[in-house]
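K.L.:
Chains as they are written, first to last, in my numbering: chain L, 1 to 406; chain C, 1001 to 1157.
Derived from the structure by calculation, the hints contain no laboratory data.
Lysine to any residue pairs mimicking SDA-like chemistry, simulated, CA-CA at most 20 Å apart: (1) Lys390(L) <-> Glu1020(C); (2) Lys1005(C) <-> Asn314(L); (3) Lys42(L) <-> Ser28(L); (4) Lys332(L) <-> Met1001(C); (5) Lys332(L) <-> Leu1100(C); (6) Lys42(L) <-> Thr238(L); (7) Lys390(L) <-> Glu1018(C); (8) Lys332(L) <-> Pro1096(C); (9) Lys1005(C) <-> Val1016(C); (10) Lys1005(C) <-> Gln316(L); (11) Lys49(L) <-> Lys232(L); (12) Lys390(L) <-> Pro1022(C); (13) Lys390(L) <-> Ile1019(C); (14) Lys332(L) <-> Asn1098(C); (15) Lys390(L) <-> Val1016(C); (16) Lys49(L) <-> Ser62(L); (17) Lys81(L) <-> Val225(L); (18) Lys1005(C) <-> Asp315(L); (19) Lys390(L) <-> Gly1017(C); (20) Lys390(L) <-> Glu1027(C); (21) Lys390(L) <-> Val1025(C); (22) Lys390(L) <-> Asp1021(C); (23) Lys234(L) <-> Glu74(L); (24) Lys88(L) <-> Gly218(L); (25) Lys332(L) <-> Pro1097(C); (26) Lys332(L) <-> Asn1104(C).
Interface residues of chain L toward chain C, partial, derived using beta-carbon atoms under 10 Å: (27) Glu307; (28) Tyr385; (29) Ala386.
The model shown is predicted, which means the values in this text are computed figures rather than measured ones. Where is the CB? At the ideal position from N, CA and C, for every residue including glycine.
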Amino acid sequence: MKVVNFDHASATPLLPEALAAMMPFLESEYGNPQSLHTLGQKPREAVDKAREQVARLLNAGSANRIVFTATASEASNLALKGLAQALKHKGRHIVVSAIEHQSVLEPARALAKLGFELTELGVDEHGLVSPDELDKALRVETILVSIQHASNEIGTIQEIAALAKVAHEHGALFHSDGTAAVGRIPVDVQALGTDAYSFAAQSIYGPKGAAALYLRQGARPVSLVHGGIQEKGKRAGTENVPGIAAMGAAAEVAARELPEWSARMKALSDRLRQELPERLEHVVLTGHPDKRLPGHFSVCIEFVEGEAMLLFLNDQGFATASGSACTAKTLKASHVLLAIGLHVGKAQSSLVLTLGKDSTEEQVGRFIDVLPPIIERLRAMSPLYARFQKGEDPYETHDQSCHGDR
Amino acid sequence: MYSEKVMDHFRSPRNVGEIEDPDGVGEIGNPVCGDMMTFYVKVKDNVLTDVKFKTFGCGAAIAVSSMVSEMAIGKTVEQALAISNADVAKELGGLPPNKLHCSNLGADALHAAIRNYQEKRTDHPHPSLPLEAEGTERQKQETSPPGARSADSGDEK
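Between the sequences and the hints, there should be enough to build the whole structure, so can you do that?
P.N.:
Here it is as structure tokens:
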């Protein structure tokens, strides 16, 4: 059975243009971009070209503003740890939102252990960070604010321009993790006013192993990897030429095709938001109703557990994701769902679909037909549903400790 | 991620449901943690004649519930209480390490239902079975019916 990928947040297929762009550097053009001899020439040109292409996609102003990394996690780590190190003489306070991806939350918490002060800013029930709340959280000694552009879990798009403005008014730099946003909505880093912005080649149907950090002029993080002059000293190590060349090619395609991708994905996710609640009772749509990513659908389907849904959907040929504790390797329910105030019992029932540019009406229609019988089946064996039907509180618990904690 | 046997029990779980007039009910886990199991047992002459369950949880939790119910039916109360978490995981052909806790829930929920049955008996002893008869001697007598006995020993092999 052909798998329908409704989990593009985990992996996207490679654009043919990206594959074509990387092939020469896996074959004959294996040289090192830093070499002065002939072998280094084509690889060097490829990296330069890709930097231009990525800069254009983000409207970065200049190719010099782009640093290539291996992953978006690395890019965000460089922004967080690198900028905190560089600015620690000015202050030691950092602000992040409570719904950041782990690749922002964990470096921020690691910095807190190293003597920085961390504020994790709450969000409203739609997952929005309020500029006013940010304003209140900022202090004289705040050096850095990091708030994601959009959530890969609930699809909410933040008001980045307003948030960055608030940070700047207090003299703090502003980083945004754009991994979920790039490839779904237009991104203009100059209009957003961010000092740093990270995203992965995977966001735009490029290969794994390539990503980028945009840095506004003057934002100079201390490198995490020392030992060479690559990436202007901000990231030592021989460049991943095939990956970077492919990321550049993907950026060029994305810059051209994004309006069409967005419109198509938005129509499909709007249909899911419209039709699934008509087909299923007791569902909670998560994330912002309007300020949301095209192609993103997130929901909690009460009384059934996420992984069980995911396995049955996989049997039907649909690759999907969930923020339930059982699907997470950590066995903890999604911190994002808890941060928007969802009951932890309901968070176990999360289902997240991230469609892609090639998703079709037919696939979505089939999904809408396939899901209700799965839910019916799981509810029929769910003691929570039985409690609910008897008029009892389905989420009542006597014991708050979890076996996962033991 | 899961073995074929786990997937089979997940896809076609045995003994799902509630028993209308159960002799014992046991509930383990809670929705906050992401899995909860309710087990129902019917006991006749000290033998588990029927076991049913309802489970909210992941694939492993559902498969474990199904397997536990299958292992328990036809066993004596003592044999069912001896079913260990490790037995269940083994019978399922193994579970991923981070899912082993699910197998703990399965046996625990069954044992909770049996203990509930035992408590009920202590509270309201059967008129024909005086309390002092509780114990191994009486259990031996109770498990003697040939039908139950043979089904049981067949299971054990």
